[in-house]
Amino acid sequence: MIAGLVVADHLSKWYGQVIGLNDVSVTVPPGITGLLGPNGAGKSTFMKLITGQLRPSQGRITVLGEPIWANPALYQRIGFCPEQDAFYERMTGLEWVTALVRLNGVTETEAAAMAARAIAEVELTEAANKKIGAYSKGMRQRIKMAQAIAHDPELLILDEPLSGMDPIARRKAIRMIKDWGRAGKSVIVSSHILHEIESMTANILLINQGRILAEGNVHQIRDLIDEHPHTVHIRAEHTRALAREFLGHDDVLSLKFEEGAVVVQTGKPDAFYARLTDLAASGAHGAIHEVTSPDDNLQAVFQYLVKS
Amino acid sequence: MSQPTRSAATPGMLSSAMRIFDLSLGQMLWSRRSVFLGVLLGGPVAIAIVLRVFDTLHAAGFKVNGAVVGGSSIFGMMIWLLFIRFIVPVLGVFYGTSLIADEVDDKTITYLFTRPIPRSAVLVGKYLAYLACTVLLVLPSVMLMFFLVAPTGGGSIGAAFPSLLADLGMLAVGLAAYGAVFALVGTRLKRPLVVGLVFAFGWEPAVLLFPGYLRRLTIAYYMQALVTHEMPQDSAVSMLLQIFHEVPSLWTSLLCLAGIIAVSLWLAGRAVEQREYVLEQ
Chain A
1 MIAGLVVADH LSKWYGQVIG LNDVSVTVPP GITGLLGPNG AGKSTFMKLI TGQLRPSQGR
61 ITVLGEPIWA NPALYQRIGF CPEQDAFYER MTGLEWVTAL VRLNGVTETE AAAMAARAIA
121 EVELTEAANK KIGAYSKGMR QRIKMAQAIA HDPELLILDE PLSGMDPIAR RKAIRMIKDW
181 GRAGKSVIVS SHILHEIESM TANILLINQG RILAEGNVHQ IRDLIDEHPH TVHIRAEHTR
241 ALAREFLGHD DVLSLKFEEG AVVVQTGKPD AFYARLTDLA ASGAHGAIHE VTSPDDNLQA
301 VFQYLVKS
Chain B
309 MSQPTRSAAT PGMLSSAMRI FDLSLGQMLW SRRSVFLGVL LGGPVAIAIV LRVFDTLHAA
369 GFKVNGAVVG GSSIFGMMIW LLFIRFIVPV LGVFYGTSLI ADEVDDKTIT YLFTRPIPRS
429 AVLVGKYLAY LACTVLLVLP SVMLMFFLVA PTGGGSIGAA FPSLLADLGM LAVGLAAYGA
489 VFALVGTRLK RPLVVGLVFA FGWEPAVLLF PGYLRRLTIA YYMQALVTHE MPQDSAVSML
549 LQIFHEVPSL WTSLLCLAGI IAVSLWLAGR AVEQREYVLE Q
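Residue numbers (the working numbering), protein chains in the order written: chain A, 1 to 308; chain B, 309 to 589.
Bound-form chain B, shown alone (with noise of 0.2 Å):
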């Protein structure tokens, strides 16, 4: 037997969720799943290019409705359309509710389970890595979707840039919320993939479009307090951006955001504490 190194005590909660996160933020970089997701993360980089093209060859710049819409408002547009209500629920449906689906399913789960720490430090050490490994592939795409789009229209990238922070640290909400959200689906539900994405492109969508209530129940309802893009006044997407008109504060938005985060991780990690792990075998 090796020589022991009996200095160890049990790692407390936050101690053993960094090793976990140590653990897994390689794993899941280097997944088929990031690999897959990367290549969505494209997509926008792609609509920039053409977009960046079309403004070139046409001097004159974008217009809707006869108004002209600078690069920060297309840049805005893109950040609230293509990753706030598409990628960001995605990445949270894919990863969130795989985060101990994939050590169960891989048959890792149990070297993790048989050591001395909290079973649901796993499951933060893991949403941590998420977040971390989702935030590091949406940062390039953003970036460059920016470079590509804030010059466009006669706009400037420098008085944009303070814009794109605050939507990097939008994206970062998101991820986080969703991400949390869809951890407790993960652990709670079966067919949490099925349920996930019913309820980010069936609930929220179809929510949000009638007054009352039920849009709070919904993480679109608080990201759009979130969103610091002044929009085109006259197109099409005003008009749908307007039903969105009830829009919670600033600071009421991120209250609520950290309450769900914080509410979905304590029920996931309780599950993951009470729950049996049957491998097949």
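Just chain A, with the same shape it has in the complex (with noise of 0.2 Å):
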């Protein structure tokens, strides 16, 4: 077992005049872990540093206890879903995925039973011979997982990998996830909503300006989160009925409608996505296609944070 899984040692980033990650000193634990941010906070910084993607400015980061820089041989142990919608969309999932498990050194066949295996894993295999361009927004999310598990890595490294998820495949996600790490893998996934990452793991590390601003347990941050509303963007078929169905309850403090959408702000956002996905599995108000939370809310406790 290895102590740190991501080891960074005063480990800074810039790109030319500005600072992407800023002397940074933190210990990954093996496990799940949930590094927590809002846009622009050094998350992608981050996470490209620890994949390889990125060389440091300064300081030195390992990944299971080497270089990851310059260092191909060590992604046969490492799977990563990136945040980008980025595809070769006129390949079919399966190929996909069969095509880039081929580069981890295995025959074709192996790769595509492997590749097969863990389509399967992400409940895509009824659409594994369509095309990625056919696919919906989720089951790109999917796929893209599948192509980072496909391997069996020992850590798997995901960048919001939810975004764009609706509520079902959201909660399947995390099912997951939560299964590999019960599975004895580790897993580093990134989010700037706290509810996401929550409902995975209670480690996390928060990251804001570059910096991380506090790890370990998500419960001592939980409470000035409530202190904030929440924002939540739904796009759905029936927006009004939906929306009558949100004004029945108390934490909903403001709805209000964009093109196929409807916006809302809860106070209670717990409560809010278990009523919504209860709501998308029933079907009761027509299919709900999409759920995005801008991450203003978490802004603004990291500047609480960052005052007090």
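Derived by calculation from the structure, the hints in this document are not laboratory data. It cannot be assumed that every hint is accurate.
[Stated by the list, open to error] Subject to a maximum C-alpha distance of 16 Å in a straight line, what follows is the list of computed EDC-like cross-link-like pairs (lysine to aspartate or glutamate):
#1 A:K185 - A:D152
#2 A:K137 - A:E89
#3 B:K415 - A:E83
#4 A:K268 - A:D250
#5 A:K172 - A:E123
#6 B:K415 - A:D85
#7 B:K498 - B:E584
#8 B:K415 - A:E89
#9 A:K131 - A:E95
[Stated by the list, open to error] Pairwise CB distance ranges, derived in the manner of DEER restraints:
#10 A:R90 - B:E581: 23 to 31 Å
#11 B:R499 - A:R90: 24 to 32 Å
#12 B:L444 - A:A271: 54 to 62 Å
#13 B:V347 - A:R90: 19 to 27 Å
[Unchecked claim] Residues of chain A placed beyond 10 Å of chain B at every Cβ, according to the derived structure:
#14 N22
#15 T27
#16 Y135
#17 M139
#18 I174
#19 S199
#20 H233
#21 R235
#22 H249
#23 A261
#24 K268
#25 D270
#26 H289
For each residue, glycine too, the CB sits at the ideal point set by N, CA and C.
Fit the two chains together into the complex; they arrive one by one in their own frames, and the hints show the way.
Written out as structure tokens, the structure reads:
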């Protein structure tokens, strides 16, 4: 067992005059760890450094006990699901995952079998032979996760894996990530939504303005979050019917309509998300296509933390 | 988590490059760039059709400054002027400079750079895919052109066939050389497309007009030695070709072109290994 899954020692990264990460020293333990911070906080820079896409400007970073920059052999032990919604659109999900797994040195036959297993694990078997260009946002997120897990890595690094998923897909993905953790895999997962991270793990790294603000148990900042209203953007089939349903609950502070979507401010995100998932599962108010959360509310909490 | 298959060893350079080749060839062949350049390759075929119609209507054949020009010579001129001096550099510039840039623009490079393969294998695999793709694009155009032009002026397809094979070899070498140089430009320089176009259509034609050592800093200089066709002796084109008077020997040219390809790819691979690719969010 490796004591520190990822060890950063006075790690800094700057892009010209812009600081991406500023003198970060942190040890990520085995298990599931959430990397939480608003957009522009340095999450993506940290993720790119721990996946060897960027070279530290200063300091040192090791992953699974080895430097990651210019060390391709280490990727046998790491699976990475990037944030960007980018694919070879003309390939089918199965072709794409197979082609990527082949880069791990397995034969075509082995790669196809591993890809099929991974696709089954993310529950995409029925769509495995469809072109990725025809996938929904949730399916695209899941096929990205399939390519990350297919070669059975020790460490999974997931950058905003739940972004854009509908509530049911989100719940399934959270369950999968927890299952991987229970199976003894280590997972580093980033998000700008505390609620998401909290549903996967209690162990978090709080990052803002290129610095680690806090590390440890998520519950310690839980109360602070509750003091701030949480904004949820829901793209759905029948937005007015959904809005009527939401208005019947005290935790909904405000509502507004955008094209094909309803934007809700809630004072109790946990209760709201649980209700939303049930609504999506029942289909009582039509299909819910996508749920996203702008990070203004989290930014407010970070500002509060920095001041205090 | 999927059941493990732990037998995999980290693949070597060649094996990795071939896997990237497999992944990239289809993407390249069906890209918008290939469709556009496929249309461009229709140009020489259209010219060949016009020549064939003209030849059929005027049975005396083509005369340049009073001398009859055979189909084989016309075909040779078309290969040199249209393909080696225009289409091959265009293909090299547009594909070569974008071998890695396309993956960066599409933000798919992350999937390749987070696998246990050397980054330079990505470049080499894509370079091989470029070669296969461009040969597949050029081949139908050259073949059609050959069958249309070779019989004109009393020429024979059978007699000209060996030189067709030599021409195809020359095109492949040209594609390899231009592609490698522009791959290097694409990985090392900003605005690689502009730099590539200036090199192919500014630097090369200009430098070839003057005697001296500068012409050795072009690819076209070495390509001249690979031309097998006899050109018409009294034409304006022949006068132009006389400018390339000082032509290196075939083996010197092949050796130099092989060196250019190897060094360019090595430097391009080094650049890819060392460079950080920051994808715009």
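Given the hint of 19 to 27 Å, check if V347 (chain B) and R90 (chain A) actually sit that far apart at their C-beta atoms.
-> holds, 20 Å
- Between R90 (chain A) and E581 (chain B), does the beta-carbon spacing fit 23 to 31 Å? Since R90 (chain A) and E581 (chain B) have Cβ atoms about 29 Å apart, the given range 23 to 31 Å holds.
field: Range hint 54 to 62 Å (beta carbons of L444 (chain B) and A271 (chain A)) holds or violated
entry: 60 Å Cβ-Cβ, so the 54 to 62 Å window holds.
Given the proposed pairing of K415 (chain B) with E83 (chain A), does the C-alpha separation stay at or below 16 Å?
Distance of about 10 Å is within 16 Å: holds.
> Is the straight-line distance between the alpha-carbon of K415 (chain B) and that of D85 (chain A) 16 Å or less?
Replying inline: Given that 16 Å is the threshold and the Cα spacing comes to 8 Å, the pair holds.
Subject >> Hint consistency between K172 (chain A) and E123 (chain A) [alpha-carbon to alpha-carbon, up to 16 Å] >> reply: holds, 9 Å
Exercise for the section: Find the nearest Cβ of chain B to the Cβ of R235 (chain A) and say whether that gap is larger than 10 Å. Expected result: Holds: least Cβ distance 21 Å, greater than 10 Å.
| query | Can we confirm that no CB of chain B comes within 10 Å of the CB of K268 (chain A)? | reply | holds, 31 Å
- Message: Would the hint linking K137 (chain A) and E89 (chain A) be met if the CA-CA limit is 16 Å?
- Response: Roughly 13 Å between the alpha carbons, so the hint for K137 (chain A) and E89 (chain A) holds.
Within a Cα-Cα threshold of 16 Å, do K185 (chain A) and D152 (chain A) meet the stated pairing? holds, 9 Å
Decide if the proposed pair is consistent with the structure: K415 (chain B) and E89 (chain A), CA atoms, cutoff 16 Å inclusive. This hinted pair holds, its Cα atoms lying about 12 Å apart.
For this session: For the pair we were handed, K131 (chain A) and E95 (chain A), check the Cα-Cα distance against 16 Å.
Result: holds, 9 Å
When the structure is compared with the earlier hints, no violation turns up for any of them.
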